[in-house]
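Participant: Protein sequence lines, in the order shown, are assigned to chains A and B.
If you want our numbering, it's the 1-based position in the first sequence plus 2.
If you want our numbering, it's the 1-based position in the second sequence plus 168.
Don't read these hints as lab results, they were simulated from the structure.
It cannot be assumed that every hint is accurate.
[To be verified] Partial chain A-side listing against chain B, Cβ under 8 Å, derived:
1) I47
2) P49
3) V50
4) H52
5) S53
6) F55
7) G56
8) T57
9) L98
10) A102
11) Y106
12) P112
13) W127
14) L135
15) A146
16) G148
No residue lacks a Cβ here, since even glycine has one placed at the ideal position from N, Cα and C.
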Amino acid sequence: MNALSAYSLLAHGLIFGALASLLPLGVLRPKAALTATTIALIAGIAPVMHSLFGTPSVTLLMLAILHLPARPLTPLGYPGALGLLAFAALFYPAALGWGAFDPYALGYQPWMLLGALIPVALALWLRRMHVWLMILAVDLAAYASGIFDNLWDALVDPLLVLLAFCIVLRQLVLRVIAARHR
Amino acid sequence: MPQAPSLPKNPAPKLLHWLAAAIFLLALAAAFWRAPQLPPTAFAATPVLALPTQPPLLQHDMLPGVGGLLGAPSLTRLADGRMAIAWLAQADAPRHHDAIWFSTLSDGNWSEPYPVFSSEEAAGKLFAHIRHLADPILYAHGEALHLWFTAGGAGAHRIVHTLSDDGGQHWQAPVRLTTSPVGVADTRLRMAPLTLDEGGLGLPLSPTLISARDEWLRLDSHGRIVGKVRLPDEPPAAPWRPVSQPDTLADNRPQAMTRLASGRLLLAGNTTTGAGTLAVWVGNADGSVWQAPRIIEAAADADFSAPSLALAADAGIHLAYGWRQQGIRHLRFNEAWLDGAPQ
Numbered sequence: 003m004n005a006l007s008a009y010s011l012l013a014h015g016l017i018f019g020a021l022a023s024l025l026p027l028g029v030l031r032p033k034a035a036l037t038a039t040t041i042a043l044i045a046g047i048a049p050v051m052h053s054l055f056g057t058p059s060v061t062l063l064m065l066a067i068l069h070l071p072a073r074p075l076t077p078l079g080y081p082g083a084l085g086l087l088a089f090a091a092l093f094y095p096a097a098l099g100w101g102a103f104d105p106y107a108l109g110y111q112p113w114m115l116l117g118a119l120i121p122v123a124l125a126l127w128l129r130r131m132h133v134w135l136m137i138l139a140v141d142l143a144a145y146a147s148g149i150f151d152n153l154w155d156a157l158v159d160p161l162l163v164l165l166a167f168c169i170v171l172r173q174l175v176l177r178v179i180a181a182r183h184r
Numbered sequence: 169m170p171q172a173p174s175l176p177k178n179p180a181p182k183l184l185h186w187l188a189a190a191i192f193l194l195a196l197a198a199a200f201w202r203a204p205q206l207p208p209t210a211f212a213a214t215p216v217l218a219l220p221t222q223p224p225l226l227q228h229d230m231l232p233g234v235g236g237l238l239g240a241p242s243l244t245r246l247a248d249g250r251m252a253i254a255w256l257a258q259a260d261a262p263r264h265h266d267a268i269w270f271s272t273l274s275d276g277n278w279s280e281p282y283p284v285f286s287s288e289e290a291a292g293k294l295f296a297h298i299r300h301l302a303d304p305i306l307y308a309h310g311e312a313l314h315l316w317f318t319a320g321g322a323g324a325h326r327i328v329h330t331l332s333d334d335g336g337q338h339w340q341a342p343v344r345l346t347t348s349p350v351g352v353a354d355t356r357l358r359m360a361p362l363t364l365d366e367g368g369l370g371l372p373l374s375p376t377l378i379s380a381r382d383e384w385l386r387l388d389s390h391g392r393i394v395g396k397v398r399l400p401d402e403p404p405a406a407p408w409r410p411v412s413q414p415d416t417l418a419d420n421r422p423q424a425m426t427r428l429a430s431g432r433l434l435l436a437g438n439t440t441t442g443a444g445t446l447a448v449w450v451g452n453a454d455g456s457v458w459q460a461p462r463i464i465e466a467a468a469d470a471d472f473s474a475p476s477l478a479l480a481a482d483a484g485i486h487l488a489y490g491w492r493q494q495g496i497r498h499l500r501f502n503e504a505w506l507d508g509a510p511q
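Extracted from the complex, chain A is given alone in its bound form (with noise of 0.2 Å):
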């Protein structure tokens, strides 16, 4: 097993093992993400997912990890959702082939990819987003490990676009609710 599978089954673990903890189990909550996590990896659930949806993005494990304490981090708010599935909506069809202009190239020779993250992580730096902005420096050091061949998949994948899918979701259906008890 090279270094890309063994990432991906421990990173898909750990994702199992936070969607695990959104169960609604009280103080249980951070044992039952481990259990998850152990059974994800043993039973065979870890490599399908990565059969399914691929290696998973260093931003998404890190939001799951963030999610596995007690109290749990949840940087990924509905703005920063929003604003995922927008550029997911741009990004993804031009990737798969809609178009002459490949996106996802850009990421295997980065060097305006980086560049265009500079003004973003300053934006993130001086709104102190420490979370966000650290979440970008390890995505940026998992890719200079040479795990990834492609930055793009170290920022983002499907699933945390799944992710910010659900949030917004969440979000839409709350307002219907709130506005019919008005």
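Let chain A serve as the given structure and place chain B on it in line with the hints.
Facilitator: Frame of chain A, contents of chain B only:
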């Protein structure tokens, strides 16, 4: 009223603020350091040889031990001059899945074939759910012998790469190549790679249902992806240029092409009559003019498909193809035979 002495401010938030910036800058510098710097794409030119006059040569044989043929043979010339071939076939035991087999040609005899990877072995080594293998492509590049194939699992086909440094006796652990941001995107291989000037390789990908455009991967000498190129719809810019193809070629069937020692192009594929006729076409150096086809096989209701071409050290031409879905036929011929009267 005297003021109470003020407590010193907690320095932790300020420290965290600057520490986060420092860590980010370090990671950014490391990412810049790791990002590959590549020269513009330039394909290596095949040296043109002045060939001595030779009598026409045509030899043929069948590869040994090919049972349950499933997929395309792939020929290449090893660094020591031997020819090597890989193909996809079903294992004998009913519970076994498909495997990629390998054999070498030495002194006119094929070695006993052996499986490089079965689908179970590939699944075990990649730790992924794999149901079947497809599209083996073998290519010798210097001392390195590359093997690419696609592995189909719960999602779709993804490209796997492995490498041998000893002419195919031992193979490194396979690695899945990430060619798409979506795990379920179907990626298929098309034909053997081309050598680039800087020592890397250009591996063509087959258009899929999602991406109907031609794409190719830029690989380093170890087979790692360092770039991906999508070809435009319109007449492509340098180093690409449009090439005509023979009118009698079935362009929806697998083909193989190589540059001969004389500098001309050789194309192998099925004719427009279907899978029952396999032929080769000789074209001029820029592919603008093609001669009439030389028919290799022709039989009604037969299947002669998936040709693979490779050039030997003595400028001899080797052709392998699937024969009636029963085995692999291997032909060795020379340019003098190609220049004989067309059929």
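Participant: When the hints from earlier in the document are held up against this structure, which numbers fail?
Facilitator: 1
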